[in-house]
Amino acid sequence: MAEPQRARPKPTPETQHFWDGTKAGELRLQRCDACAHVYFPPRPFCPSCASRKVSIFKASGKGFLYSYVINHRPAAPGFTPPYAIAVVELDEGPRLMSNIIDCPQTPEALELDMKLEVAFEALDDKITLPVFRPAKG
Amino acid sequence: MRSNQVAVVGAAETTELGVIPNMSQLQLHADAALNAIADAGLKLSDIDGFATAVETPQQVCHYLGIKPTWVDGTSVGGCSFMLHVRHAAAAIEAGLCKTVLITHAESGKSMIGKAPRSTAPDSLNGQFEQPFGVYGPPSMFPIPVLRFMKTYGITHEQLASVAVVQREWAAKNPRAMMKDPITVADVLNSRMIAYPFRLLQCCLVTDGGGALILTSADRAKDFPRKPVYIMGTGESVETPMVSQMETFNSSRAFKTAGPLAFREAGIAHKDVDHLMIYDAFAHLPLFGLGDLGFMPHEETGKFIADGNTRPGAKLPLNTNGGGLSYMHSGMYGMYALQESVRQMRGIAPAQVANAKISVCHGVGGMFAASGTIVFTNER
Numbered sequence: 001m002a003e004p005q006r007a008r009p010k011p012t013p014e015t016q017h018f019w020d021g022t023k024a025g026e027l028r029l030q031r032c033d034a035c036a037h038v039y040f041p042p043r044p045f046c047p048s049c050a051s052r053k054v055s056i057f058k059a060s061g062k063g064f065l066y067s068y069v070i071n072h073r074p075a076a077p078g079f080t081p082p083y084a085i086a087v088v089e090l091d092e093g094p095r096l097m098s099n100i101i102d103c104p105q106t107p108e109a110l111e112l113d114m115k116l117e118v119a120f121e122a123l124d125d126k127i128t129l130p131v132f133r134p135a136k137g
Numbered sequence: 001m002r003s004n005q006v007a008v009v010g011a012a013e014t015t016e017l018g019v020i021p022n023m024s025q026l027q028l029h030a031d032a033a034l035n036a037i038a039d040a041g042l043k044l045s046d047i048d049g050f051a052t053a054v055e056t057p058q059q060v061c062h063y064l065g066i067k068p069t070w071v072d073g074t075s076v077g078g079c080s081f082m083l084h085v086r087h088a089a090a091a092i093e094a095g096l097c098k099t100v101l102i103t104h105a106e107s108g109k110s111m112i113g114k115a116p117r118s119t120a121p122d123s124l125n126g127q128f129e130q131p132f133g134v135y136g137p138p139s140m141f142p143i144p145v146l147r148f149m150k151t152y153g154i155t156h157e158q159l160a161s162v163a164v165v166q167r168e169w170a171a172k173n174p175r176a177m178m179k180d181p182i183t184v185a186d187v188l189n190s191r192m193i194a195y196p197f198r199l200l201q202c203c204l205v206t207d208g209g210g211a212l213i214l215t216s217a218d219r220a221k222d223f224p225r226k227p228v229y230i231m232g233t234g235e236s237v238e239t240p241m242v243s244q245m246e247t248f249n250s251s252r253a254f255k256t257a258g259p260l261a262f263r264e265a266g267i268a269h270k271d272v273d274h275l276m277i278y279d280a281f282a283h284l285p286l287f288g289l290g291d292l293g294f295m296p297h298e299e300t301g302k303f304i305a306d307g308n309t310r311p312g313a314k315l316p317l318n319t320n321g322g323g324l325s326y327m328h329s330g331m332y333g334m335y336a337l338q339e340s341v342r343q344m345r346g347i348a349p350a351q352v353a354n355a356k357i358s359v360c361h362g363v364g365g366m367f368a369a370s371g372t373i374v375f376t377n378e379r
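Residue numbers (the working numbering), protein chains in the order written: chain A, 1 to 137; chain B, 1 to 379.
Among the hints, erroneous ones may be present.
To be verified - Computed footprint of chain A on chain B; a stretch qualifies when at least three of its residues, placed anywhere within it, have a C-beta under 8 Å from a C-beta of chain A:
#	stretch
1	193-203
2	314-323
What the hints assert, rightly or not - Result set (DSSO-like, lysine-lysine): computed pairs, CA atoms no more than 30 Å apart in a straight line:
#	chain 1	residue 1	chain 2	residue 2
3	A	Lys23	A	Lys136
4	B	Lys67	B	Lys98
5	B	Lys67	A	Lys136
6	A	Lys115	B	Lys150
7	B	Lys150	A	Lys62
None of these hints come from the bench; they were simulated from the model. Beta carbons: idealized from backbone N, C-alpha and C, even for Gly.
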């Protein structure tokens with residue numbers, strides 16, 4: 001029997017650059033050319049000032065653990081509980097949901113505010129997910 | 001909107017609550033609607049305005065045989081019915097309709113005639129949350145709570161006490177699903193669902209429904225039940241993605257809807273005799289007490305743990321037992337409204353003596369939306 005599959009994102013025209021970025025090993029954000037606001041999730045205009053003049057840039061990939069749960073049940077398809085579902089605050093400001101790798105999935109190991117850095121996990125030849133690991137040093 | 005121009009004149013839940021394997025979700029809507037129409041002493045043909053969520057207005061109106069001239073299908077999650085009350089009050093005041101029926105029903109447990117919830121893989125949630133293992137509300141709604149606890153110094157024991165106190169209220173309510181007393185230790189030893197939350201800090205999963213009937217306050221005096229007036233209302237939405245909330249230290253939707261309703265009602269917090277804060281999970285009453293301005297967030301955990309919301313205490317909160325112990329079909333807002341109406345009519349199983357003002361605060365999605373209604377039984 002085939003293993004149940006992890007939910008797979010399907011890019012849209014507005015988000016394609018983000019998923020192209022993760023595949024290339026880059027975490028890409030957008031910045032408003034008019035007001036400098038950095039935002040996520042992707043869209044071709046600034047949600048702060050409505051300017052359509054926005055630029056895509058490579059983020060540092062650094063951030064910290066803003067909050068999380070350790071999910072025990074029910075587990076999502078493709079996940080083995082317990083596993084942490086985290087929200088990471090990036091140094092550039094936006095937050096995003098992710099998973100924490102190379103770290104025990106326990107309250108003791110997962111300390112709020114711990115420094116994290118991005119890593120990339122290929123789901124298949126089209127989609128690569130951004131995940132985070134404890135920052136070195 | 002002006003205060004006290006519109007009143008609830010009919011209110012009822014489905015005949016049964018809990019596990020109802022002999023009714024589809026659509027029939028649960030009808031059961032609640034027919035009970036509310038009987039409660040108001042009306043005929044189906046008297047209804048000229050209709051609102052519901054999840055199911056479409058056309059679906060429920062056709063099934064019931066209602067021919068409305070005003071409809072509202074606002075569907076923003078479990079607080080949709082608070083928004084319906086607000087919209088209906090405005091519509092009645094504007095003369096768009098005279099008598100509005102609002103229905104909710106959900107076959108949340110038995111799943112009969114209920115479309116499964118699904119997230120499209122090309123939606124923003126499908127792209128930026130689903131791939132990371134969220135799977136239903138227990139894995140999503142508690143995501144902000146560890147940050148909230150750290151910011152405000154809230155303890156696990158305080159969050160457990162929310163469930164304990166609400167069980168005390170449920171024990172007074174024959175229709176509550178869970179009535180046996182529990183302790184903080186029971187909560188903290190119950191099965192882990194999504195750390196930091198355990199089974200007893202998560203809402204029930206049940207079947208049921210409820211319906212409300214609203215009309216102008218001038219007409220309301222001719223109805224069989226004591227009118228319950230709409231004194232103030234508020235609503236807002238923030239984001240469908242819990243990860244994208246402005247902050248996990250409060251809910252922007254709560255902070256918009258709640259104070260709006262208080263201002264419209266022209267009341268202060270000390271005027272509130274009875275309070276409902278939609279409790280899908282144990283942290284919601286803490287967010288609510290803080291975001292509605294009852295006290296600084298730092299004090300909310302201690303306030304509940306110290307017993308200030310218990311039966312007989314100064315701020316009776318979630319007096320039906322709440323989503324944690326009364327029932328939770330998936331969209332609990334209607335049941336919170338029903339309890340506020342019962343309290344204002346003076347007929348609640350755990351009646352708060354001489355209660356004159358009830359605040360009913362709802363959440364939709366995972367802090368995605370909010371609606372607040374201030375009720376009074378005095379005009």
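- [ ] Output the numbers, in ascending order, of every earlier hint that fails for this structure.
- [x] 2, 5
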